[in-house]
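Following the hints, complete the assembly by docking chains B, C and D onto the known chain A.
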Amino acid sequence: MPKIQVTLLTGRSLGQGRAKEQGKLSELYLESVACCEVQHEDLQNIGLEYGNNIRVTSNHGSVVVKVVAPTQPLPRGVVFMPYSIWATQILGSDTEGTGMPTYKCIPCTVEPAIDEKIMSIEELTKKFPRKRSRS
Amino acid sequence: MSALELTLRRTVMAPLYLDIISPDNLSGKRWREIGDYIVWEGNRKVKLRSLFKIEGEAEANLQDTLIEIVGDMSRARRIGYRMSGGVIRVRGHGGLYVGESMRGGRIIVDGDAGPWLGANMAGGTIEVSGSAGDHVAAASLGTDKGMTGGTIIVKGDSGSQTGAWMHSGLIRVSGSSGMFPGAHMRGGTIHIIGDCSGRAGANMRGGKIVLSGKLPTVLPSFTFEDIRSQTRVDKDNVEGPFYVFSGDNNEGGDGRLFIKKASNPQLKWCEKFLEV
Amino acid sequence: MGLEESTFRDVVCTVCGCCCDHLEVTVKEDTVVKVKNACAMSTSKLLNYMNERIMKPMIRRRGRLSGCSYRDAVDAAAKILLKSRSPLLYGWSLTSCEAVEVGVELAEEVGGFIDNTTSTCHGPTILGVHEIGESSSTLGEVRHRADLIIYWGCNPIHAHPLHMSRYTLLSKGRFRKSRSERTLIVVDVRRTDTAKMADMFIQVEPNKDYELISALRAAVRGDEIEQDEVGGVPTDLIEEVAEMLISCDFGALFFGLGLTMSPGKSENVDAALSLVRDLNSKTKFVIIPMRGHFNVNGANNVMTWMTGYPYAIDFTRGFPYYNPGETSAVDLLARGECDSALIVASDPVSNFPYKATCNLTSIPLITIDPHITPTVLCSDVVFPSALVGIETSGTVYRMDGVPLVARKLVEPPRNIRSDIEILRDILRRYRNLKRLGR
Amino acid sequence: MSREIAILNGTVFDPTNRIFGERMDIFVKDGKIVGSASSKAQRIDASGKVVMPGGVDIHSHIAGSKVNSGRLLRPEDHRKDVEVKTPTTHSGVGYSIPSTYTTGYRYAKMGYTTVFEPATPPLKTRHTHEELDSTPIIDKGCFPLFGNNWFVMEYLRDGKVEECATYVAWMLKALKGYAIKIVDPGGVEVWGWGKFLRHLDEKVTHFNVTPREIIRGLCKVNRLLNLPHPIHVHTNNLGNPGNYTTTIETMDTVRDMANGSKPIVHITHVQFTGFSGSSWLNLGSGAPEIAEYVNKHGHVSVDLGQIIFGDTTTMTADGPFQYFLHMLTDNKWVNMDVEVETGSGIVPFQYKRSNYVNAIQWGIGLELALLIKDPWRVFMTTDHPNGGPFTYYPRVIAWLMSRKARERTLSKINRTARRRLTLPSIDREYTLEEIATITRAAPARSLGLKNKGHFGLGADADIAVYDINPSDMDVLRRKPAKLRRAFGQACYTIKNGAVVVRDGKILKSPFGRTFYVESQTKPEIESNLLRSIETRFRDYYTVGIENYQINESYLRYPAKVRCEAEI
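Residue numbers (the numbering used here), protein chains in the order written: chain A, 28 to 162; chain B, 121 to 396; chain C, 19 to 456; chain D, 746 to 1312.
It should be emphasised that the hints constitute simulated quantities derived from the structure, not laboratory data.
Where a beta carbon is used, it is the ideal one built from N, C-alpha and C, also for glycine.
Any given hint might turn out to be false.
What the hints assert, rightly or not - One side of the interface only, derived from the structure: several residues of chain D facing chain C at Cβ under 10 Å: (1) Ile842; (2) Gly939; (3) Lys940; (4) Tyr1068; (5) Leu1073; (6) Lys1077.
Bound-form chain A, shown alone:
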């Protein structure tokens, strides 16, 4: 399988900002945030087209999202995901003693995941562990 090393940025986008106010269970929200912007040549390197699903993997986790064209030009080797529960699946909790986890400049790999499904919000929330027994 082709796989590329990239630097992941997460951030706000106008689409995410607008869709968030529509409701986080809405189709529009999933459309606008369960995605990853990848630069065109990078995408060709792994033999994919916009609209395919990809798997983004960091040291801390892995998630399947749709690959979309950058709304704002990206340099090569840099990919962008809007803030969302999909992006946080692959973020680490280390804060360098500042309280702030690293949301930007995260080394990741991107690979095709054409046949894999993008999980919905409900599915993702169910993935989290169940309650510890209340003692």
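Positioned in the frame of chain A, the structure of chains B, C and D alone reads:
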């Protein structure tokens, strides 16, 4: 010398404030008295006895006092706070703020230590057999004075901002270090034997940082000075050769950065400034 | 409020830290029907705030959330907090200062941690300020005086859509009348839509902001930079920019999460604050963080005047203690140190890193929020609440610390209370239970 | 339910009513001083103790955006002084910039019951009120800043004093402010460009008006509006050697407007503007000259701004001065310029006994207090937290009352400074009635608070009982530590008729009122004004005029002070 042994009885799921555990507080105390000491576990006050099995005896003389703590203390804070003598040995994770404001004596952690190891330390020795977290020897928030004396030895890795605001003393990290070792440093020595993630000596005004491993790049506010074949760290000679930089010029600083030549071929560009 | 159509003027927007106060909102039959002067995000919020609302309190029973009475929910919440040794109270940026005040009182009473979303947006900025201070001003100063504007690691076109037109580049000030009297420099890793408007765009390599600022500081001091390029930017260009910074009459540096969220975090901000401080010995320069989340600055302010500290406050020992990295939400959760959580007007399950979230969902979780969010889906007790600035009024702080009142425009849905009421009721119930020895 | 208290057999000091240490009883009913009480009254035995009206602080930075920025800047300041939650009090932090609750408690513990925040940027005054509302026990108020306000400067440039007065009246009403505060007139506007203004007659860039014109103009405005408190002036050139001449010039520039015996200008923290000499090396005390001027001219009052040796946080609306202090000390620095109105700066600072300049400063404050003869025109302040935290007031009182206390400190300060100060040769020791005057009666009168600072019938029942036996005064003067302790921990503090402190412990913490003035101008004048500033307001500010104004309902317990304007 006999040891006072504290063995954790149960898992602790809340922050545990153990600043009371130091030879200064416990030397010469009977175990019954020690068991009655109250510490905070989250928002509850609990007796030391309910947390630890307490065995052995604390020597009457401070310098001879040995406290052994057994268990995972990763949620504990400030073991050895302000201690001035004696020995604490933690078998397990040492927790946060191990040896904060320590003035003398020795702390040994057989395991990892959390962030703020030896913060504000003024004297004594801390040895960690595993890795340490961020802000080793740091200053408390808002102040400009971190470590002012003593020695910290970390056998594993250390996190970012190792030795930030350090004024004096020695830190030696055998493994690699995160970003910003010696940030805002005013004096003292930091030796990192492994690699460093970058930005060594940012805003330093004085002191010395010796990097034996790889450093991605030197900050642009440093000036290349020279190549030295070796340098001294504490009483030892460390073999180079080293590229020597001075800075941080942005702070009008006069700190020294020793970067091992052999590990850092990417810094070869600076050799063009060598006076032939 | 009546069936008549009525229009509110000078309405304060409740989306980002710009707190634009010139919105015109038309209301009919307790519904917003028209919004004028607002940006896309704001319009979307005002027209869609009824989407996915929670309409009644819920409690998790046998693994499922189901409706319950308000009293039962208050009781359940109070009991969770009463049992807890280290509860975490998190959120606070989408609510009013008045609600935050009650929140701090609750945190003190229950002996818990209170943190606001600052810790995952501009927390590092505050840590930088602790060390360096800041040379700052209100946005109006920039509008009237600035002839040089820098956006660094932020993208106002997307995140603060009216920032440029109301306060900076495109605004009309007393001493700067038009766009042509101002210069815009944008520094970013991407050529963002904001960058497209710049007179000069500097593309920095990811995670090289610190190096670039260091180089700029050196160039401003007049030091020679020995490297040919820094962070992908040629040294000649850096020197040119430094010259621009020194020779302006009034410069303003706005920075965003590009600095606070990249590795280095508080040190990145530290460098930017130092750069601006240094520049003040040559000209006038101010720096303003692009605070994002509506009233996050208000939450900082309230916490600061009540406790001395802006966020990440530890009340477990009965007095305020503060140390982000130790007492901040993500770190507490990552270390598994909290045994219950109360989330107000925030969605940490969507925003926190995976490991921290896992610990959050595995402890008893109380959420107060107007909308269904992933955090709500993971909660044990859920309170629906009224939206500040739409269904209830309250004080909010703009990114530059200008306080405003966000007004009530419509009635909230039936039986939906404000954050203040809910928090007060939980506090009251908690005190009663405690007095009764639970 | 009527709440009655009888304070029996105390030695009462009520300078306003010419009661100087008489053994008498004070009665309280429903929050007011009354002539007698029923047998149901709570009885407080004050025999062998001193009874004074509650303290009134005319100038203390306790609330608002710069105070909060100071808190934010200094976690290290809070860490060393914390207050733990008790059944009657909230937790908090203290030292130089205490949190709001702690501020209220600590003032009350010293027997202070009224405090004024002396500098609020109008645009951020809502913030000031939020903090004042969060400060328990004490009554309070705030002074909005006018000395660099664009509208004010434009009106005065154009000679439109009446329009300016209408504007100021509207602002005070809109902001719920209490008095006109002037800080470094014109200088802060110039600092908006990073520049400095040095003389009273230097033109303000772009505005074609001078500091002298601003001060004179606002003094006239104050008179036209009949405001209860005179203009409250922080002069130009603060912190510069030789600035005592600026201070005297500032006082003198309004001399011709004097009106009977009532002061028309209040110069605040005059210690900071009482430097003689031409450099830091030959800095001296300008206190004798200033005191001489004050002694000769009834139109002036001053407060001290006494410094306390130790660590503190300086904060003022004087942005340029704070920048200067930052450059001097290399300490961290916050600057916050506020559009159209003002600025502010914050720098942590340490006053050292061994430092020549600091020692001179310490001497200036005390010399002023001791050389100005009329205690009704000099008030005790530390310009909290600029000179030092307000919690050090007992120390200042001890210095004023006890020569011995002064000598002890003098023996430890910089030797050159000691040689150059007049202080060692001053014998005066304040009496208890003089202390009662400079800490309560006089500031209350200066503020025009008719029901504060005295025990006349109907006055507010704000009372402090101190463990001082007046017959032991000679002993106490030799043991200043006892004096300090007594003034630091009131036996009783009664606020609004309720016992809030007993033996230095908080019993309960009700919230006090917020005073603001409404000077009634003719209605048509005000509506004309609003019409005329509407467009300009939009051009000047980044908020709408609707959102700028603060409703009375925004305050927890508003207390309006009315006055009649002459326009």
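Here is how each hint holds up against the structure:
1. Ile842: holds (8 Å)
2. Gly939: Holds. Min distance 3 Å.
3. Lys940: holds (8 Å)
4. Tyr1068: This interface hint holds because 7 Å falls under the 10 Å limit.
5. Leu1073: Because about 13 Å separates Leu1073/D from the closest Cβ in chain C, which is outside the 10 Å limit, the hint is violated.
6. Lys1077: Holds. Min distance 4 Å.
In summary, the one numbered hint that this structure violates is 5.
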